[in-house]
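Peer 1: Each chain, written out:
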Amino acid sequence: MYEKLIAELSSPGRNAFSLTAWNGEETSVGQYIPENLLRTEPAKLPEVSKIDIVRHFTRLSQKNFSIDTNFYPLGSCTMKYNPKINEETARLAGFAHTHPLQPASSVQGLLKLLYCMERSLSALCGMDAFTLQPAAGAHGELTGMMLIKAYHTKKGDGVSRTQVIVPDSSHGTNPSSAHLAGYEIITIPSDDRGMVDLDALKANLSSRTAAFMMTNPNTLGVFEKNILEVADMVHKAGALLYYDGANLNPLLGICRPGDMGFDVVHVNLHKTFSTPHGGGGPGSGPVGVKSILEPFLPIPRITKNNDTFLLNGYCPDSIGKVSAFYGNIGIIIRAYAYIIINGINGLTRVSELAVLNANYLMSRLAGSFNVPYKEGVMHEFVISLKKEAQTYGVRAMDVAKWLIDNDIHPPTVYFPLIVEEALMIEPTETETIDTLDEFIEHMMAVKDTMRGDPSLFHELPRTTEICRPDEVQAARNPILTWHDRN
Amino acid sequence: MRFPETLRYTPSHEWIEVTGKKARVGITDFAQKELGDIVFVELPEAGRTVKAQQACCVVESVKTASDIYSPVDGTITAVNADLDKKPELINEDCYAKGWIFEIELTNPAQIDNLLTAKSYSESYAT
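Chains as they are written, first to last, in the numbering used here: chain A, 12 to 497; chain B, 92 to 217.
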């Protein structure tokens with residue numbers, strides 16, 4: 012059923028509050044706010060009764076599709092279960108009731124947690140230092156690019172190193188972040204196994220290269236076996252190697268980006284470290300560096316002096332602040348809880364199971380669907396529905412809609428760009444074999460239905476409130492604001 | 092798919108139609124088909140100087156956003172403002188009403204290095 016907007020529920024005079032009478036002296040608001048900034052007519056706020064507000068937002072919350080309700084194999088997003096103890100920890104009064112402007116001496120416990128989080132991430136990633144400030148993955152990428160620029164500038168190469176190289180399988184944010192940091196983007200092709208083409212990399216590395224950005228395993232889910240050679244080539248050219256941590260989930264406790272030769276990494280706490288993702292919460296994209304880049308990290312830095320933790324704002328080479336205060340603290344607390352509760356053995360098991368689940372799904376589905384890059388697949392894999400699109404006219408988007416009707420969140424579609432009609436599947440470690448088997452059954456049913464009546468797919472989904480929107484119209488003439496017609 | 096023989100082509104799927112020192116540029120039938128429904132065109136600024144193979148505008152479809160590269164060196168003299176309101180002209184009529192920009196050639200000899208309809212359709216439009 013169509014859920015009216017809160018503004019549409021409004022009826023003049025209704026309200027959901029009762030304030031006690033004010034016995035003090037009344038003053039005019041104009042005393043405090045300049046006249047030209049005052050409203051001339053009352054704000055059009057919705058006037059709604061309390062029970063209608065409660066029902067409205069409760070109903071909206073029930074429309075939410077979440078990892079707590081359904082299987083969510085959204086590749087590269089690592090939509091893993093968020094343990095409830097993360098929430099309990101973040102709600103502890105000593106964390107929840109702090110203010111960002113409190114003096115450091117009054118938040119020693121919180122600073123200790125942040126300090127320990129930086130050390131934990133450094134240990135897990137094989138880096139020397141971390142900043143927790145970036146508020147999301149792409150923000151981490153931008154911060155990383157700014158660190159790389161500061162490093163080259165300090166060395167005197169800042170003006171001549173103008174290029175950042177990315178593979179054609181990279182996350183779209185990689186070239187975007189590098190571009191925002193002022194770099195020219197060079198895209199190189201992948202080889203026939205889906206890995207970085209070493210010859211193409213070699214041909215493009217030069218004294219103009221500032222960095223090579225990649226993720227490992229890459230967006231095809233394939234582990235880059237030549238990573239040590241890649242690192243060596245990049246470093247010989249005087250450039251730095253950047254690690255996009257979106258795909259860190261299969262590596263915890265097994266191998267570390269720092270040991271592979273990466274100089275800068277960002278990790279997505281909302282992926283690998285089980286904090287809310289998607290619409291569920293703000294992200295967090297801490298950035299780790301090797302010691303050569305540590306002087307450039309954003310301020311303030313958290314330092315430890317005997318048993319006291321300080322927010323150190325004096326770092327002359329720092330790129331400055333990248334966050335108003337110290338990042339999305341509530342999220343960092345949740346991720347730290349996840350690390351502590353699992354410990355290194357638990358985290359290793361997380362990665363092992365993530366790889367096992369993905370490989371189980373892949374080997375079961377590979378008999379019926381084309382998986383173009385199978386070698387060295389880790390925590391996610393990509394199906395190509397190119398043949399199905401040609402034979403039956405059923406495309407990746409149609410299969411996604413089918414899955415919606417079957418209460419499964421669709422995998423990532425049409426990414427990576429180098430696979431036509433891509434479905435990118437990442438089950439994560441927390442799913443049982445029963446859930447994986449159910450998913451396989453659904454995919455087999457998809458195949459059978461295609462063979463039977465492919466036209467059926469174009470009307471899906473049927474179970475949702477808005478079935479198939481006219482995407483072309485929506486993109487050409489988007490209506491982004493609600494207007495009161497009265 | 093149609094690739095008029097009077098035009099020249101690039102491996103990145105632009106066409107160019109030369110008239111004297113001026114030329115019109117758009118994207119090929121193959122390109123518009125691959126992109127799907129075009130929803131937005133970010134036109135270049137008239138007066139801008141561009142180099143061959145330099146990205147100078149963006150075509151956005153429901154599927155993706157793609158850079159459009161200038162086939163030649165030159166100065167952009169006009170843009171197809173109709174695309175602002177009707178980006179679908181590229182899907183409907185890519186070689187005529189769906190042209191994107193007009194450029195004054197700095198070096199007309201560059202045209203000879205571009206692909207013919209035959210070599211484009213055989214090597215790139217597949």
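Check each hint, because a few of them may be wrong.
[To be verified] List of simulated lysine to aspartate or glutamate pairs, DMTMM-like, C-alpha gap at most 25 Å: (1) B:K188 with A:E482; (2) B:K142 with B:D128; (3) A:K397 with B:E195; (4) A:K412 with B:E125; (5) B:K124 with A:E431; (6) A:K398 with B:E195; (7) A:K397 with B:E151; (8) B:K124 with A:E449; (9) B:K154 with A:E470; (10) B:K142 with A:E195; (11) A:K412 with B:E151; (12) A:K397 with B:D120; (13) A:K236 with B:D120; (14) A:K412 with A:E195; (15) B:K124 with A:D481; (16) A:K247 with A:D210; (17) A:K236 with A:D208; (18) B:K154 with B:E96; (19) B:K154 with A:D481; (20) B:K154 with A:E386.
If you are wondering where the hints come from, they were derived from the structure by calculation, not from laboratory data.
Peer 1: Of the numbered hints stated previously, which ones are contradicted by the structure, given in increasing order?
Peer 2: The structure conflicts with hints 2, 3, 6, 8, 13, 14, 18 and 20, although it agrees with all the remaining ones.
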